[in-house]
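Participant: Okay, here's what each chain looks like letter by letter:
Number of protein chains: 2
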Amino acid sequence: MAELQIDSILPDIEELIEHQQKGTLLNIMIDLHPADIEGILNRLKKEKRKYLFDLLPAELASEVLPELDSPVAEDVLEEAGDERLSSIIHEMDSDDAADIVAELPEDVQERVLDSLEDDVSDDVKELLVHDEDSAGGIMALEVLTMQETATIDETIEKIRELSDDIDHLYNVWVVDNKDNFVGSVSLKDLVLANGKAQLRSLMDSDVRTIHVRMDQEDVANFFKKYDLISAPVVDDQGKLVGRITIDDIVDVLEEEGSEDMARISGAPDEEIQEDSAFIISKARIPWLLVAFVGELIAAYILQQFNLEPSQQLIIAAFIPIVMAMGGASGQQASVTVVRGLAMGDIELHDTGTRLFKEFRVSLLNSTFFSILLFWIVYFWSGPLFAIILAGSMFIVINNATVLGALVPLFFKRLNIDPALAAAPLVSTSNDILGILIYLSITTFVLSVGL
Amino acid sequence: MAELQIDSILPDIEELIEHQQKGTLLNIMIDLHPADIEGILNRLKKEKRKYLFDLLPAELASEVLPELDSPVAEDVLEEAGDERLSSIIHEMDSDDAADIVAELPEDVQERVLDSLEDDVSDDVKELLVHDEDSAGGIMALEVLTMQETATIDETIEKIRELSDDIDHLYNVWVVDNKDNFVGSVSLKDLVLANGKAQLRSLMDSDVRTIHVRMDQEDVANFFKKYDLISAPVVDDQGKLVGRITIDDIVDVLEEEGSEDMARISGAPDEEIQEDSAFIISKARIPWLLVAFVGELIAAYILQQFNLEPSQQLIIAAFIPIVMAMGGASGQQASVTVVRGLAMGDIELHDTGTRLFKEFRVSLLNSTFFSILLFWIVYFWSGPLFAIILAGSMFIVINNATVLGALVPLFFKRLNIDPALAAAPLVSTSNDILGILIYLSITTFVLSVGL
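Heads up: the protein sequence lines correspond to chains A and B, in order.
The opening residue of the first sequence carries number 1 in the numbering used here; numbering runs sequentially from there.
The opening residue of the second sequence carries number 1 in the numbering used here; numbering runs sequentially from there.
Keep in mind the hints are simulated off the structure, nothing from the lab.
These figures come from a predicted structure and were not determined experimentally.
You can take every hint at face value.
Any copy, or any two copies together, can satisfy a pair, since identical chains are not distinguished.
Below, in silico cross-link-like pairs of lysine-lysine (DSBU-like), each with a Cα-Cα straight-line distance of 30 Å or less:
id: 1; residue 1: Lys-46; residue 2: Lys-224
id: 2; residue 1: Lys-196; residue 2: Lys-158
id: 3; residue 1: Lys-282; residue 2: Lys-357
id: 4; residue 1: Lys-48; residue 2: Lys-225
id: 5; residue 1: Lys-239; residue 2: Lys-125
id: 6; residue 1: Lys-50; residue 2: Lys-357
id: 7; residue 1: Lys-357; residue 2: Lys-225
id: 8; residue 1: Lys-282; residue 2: Lys-412
id: 9; residue 1: Lys-48; residue 2: Lys-224
id: 10; residue 1: Lys-196; residue 2: Lys-178
id: 11; residue 1: Lys-45; residue 2: Lys-357
id: 12; residue 1: Lys-357; residue 2: Lys-46
id: 13; residue 1: Lys-412; residue 2: Lys-357
id: 14; residue 1: Lys-50; residue 2: Lys-22
id: 15; residue 1: Lys-46; residue 2: Lys-22
id: 16; residue 1: Lys-45; residue 2: Lys-282
id: 17; residue 1: Lys-50; residue 2: Lys-225
Next comes chain A alone, as it looks inside the complex:
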């Protein structure tokens, strides 16, 4: 079965919605994978989105809803009755339910929690306590736990009972009589084992646990490092409180990667599906303001230098190249450091080594571009400006590269996301420093009258 081509059925769906063919639409939806329904909802206009989503039975809606991006989810949930909301949330895994409830306005949140059955509402409330970017925020409470003295046959019986509630089952977690986590048994071992054997005889007690307050990015690196599919989450006392599975990690990786990619380039981590130009504009303006203020400072500095009028034009002509080369070199260094920190390839104790490496690289690059620029400017305008520009380029590239590597490491040490450092902070600082260095050298060389 291949991937559904949404393009091919979208026009039909739209027509069916226009003609309010509820029965036919429902039959089509029931045959589709929730991810495909998500794809269709993404492509519909707001009113049609709501119409189609409202048709879905609660169970199907509960599988579609967690897949939706926030702007789309807001559309389909707008004006949804409390009863409808409760019945959808009731069908969800606890972690998805908590995510949805957390997004609701506070008054709706309370009403929905009140209308849920006690055990579901308790689970959701328990999860809402955790920071959404921590292990507690991404874990699910639906865990298959057994006492270490239970037999294989008892375990299989328990799986049969819970079969419908637990979607992704890879391991049985084993606890002692104080509910402390002691080990895990894989389904493969369960299949192969003798039915009368006790779990403790075949459990793997060498299993790594995740603390409930671990940051989600660290959890993801932990999963990658140890090639995990699922991992037990424990509290301060070592008591098993939940589990995280690889599908949560894939979401975290995408979220964090996309956030880093946006931040590193001076773009806000905006919702790509966001429709309102006002909201997007509001998110982007603060980043642009940093550059705006920085470059005003650059303009001010530029005006402070008393440049010989006959030489202003040639000096101005090379401002862009000095700025751009400093900016690009600094960006390369900071992006490399940010990537390395995000993937755990660079650690803080490497700071010295990393800076020294970046310095060696920038020595090579600055030498290359200084010599190149020297000869170009030599034939363009003569030896005086060739010397000024080669010297400026050399210092600006070295300065920008080292600064580009240093700032993210410094941010990391202060526990600020290093990706925030790369742009526009590093590039604006490098623009200001670049102009300062270039004009200082120019003034100096011209004044000593070389």
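Following the hints, put chain B in place on chain A, whose structure we already have.
Facilitator: Same frame as chain A, but now just chain B:
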């Protein structure tokens, strides 16, 4: 069991290596997870790396080697004998083995393939045929397949036989008598089923297959979309040829995300662990050259405008802000489009909608910054330059934003990685266009003598 703190044992390991305490080192290594051994190897100097890796028994070495980044892997494999290489590769899963063999120099590759047992060497050769960025390049051949007429008991017997060869087992793939893929049975269903039942009675035939030539980024999106843990890979005839598991996908996500993040910011996708400043410098220079040449063009353009000497300084002072604001706005638009394309949130048929949305955003942002700049320059230098700069800022931001969104979409249509468009191409073009727009407006306004 918590994560190993490498810092705490690294000094001891280094001392043991210096004193050549092979026995003690081996005992420590055997107790560690391969990922922790990788962490230690990363932190050692080249000679110590080789010494420690050479100590590892072939089976442990086979688990550590696939985790290593290329520069480290090259270090530890340098001068490794063919026999040692063969015995390590023999212990690996076919996909990891093929990756390692592909990296070897050609003469070593041939000798190693010759020395492997026929079936292992055939597997590796089969996998080497596929493009390393395709489904075939990341799949493994170790698949548990059963005929649809087999019983549960027979299947469990088969699992018992193959238990050691297949690390990650989540599903049994079911084929018909022509080896065509017909469905899958999860381990959970296997645990719960009656031993005499036939697989076809409980298999899920609604399983999505992956074509062997599908691009790895598409495979990753496919896994994310359908929340898969493992998926069957089929050839043109629908014959089952391998399987891809979620741990391969996590690697792909990391690889592609990191590559995009580097490219989007005009940094090469360099190895973060690379030690040679020459190699890093060689990778970075081409990206810098694009900016270098572009800014030389900007310098040339600037010189072509015959600006009134008395006004050159004020004109030059605002070049950086015009360039930087155009550059940052263009970058924001292109990063958003590149992210959306990478995650499948933006598709090519959205081109019109996306450009219109970016245009609305840029109208808002350019209006905001034009008005702001107008008043600042008004008090700085008077109404003439206030009008020039507000007008330039307005056109430059709109132009840069639309160009920033357009170029990645255009690249995608040409099947070039859109991330390559974002920088330095978009930013350099925007610098040139920004200067051109700014100076044209300046010349025009000054010439009509406002």
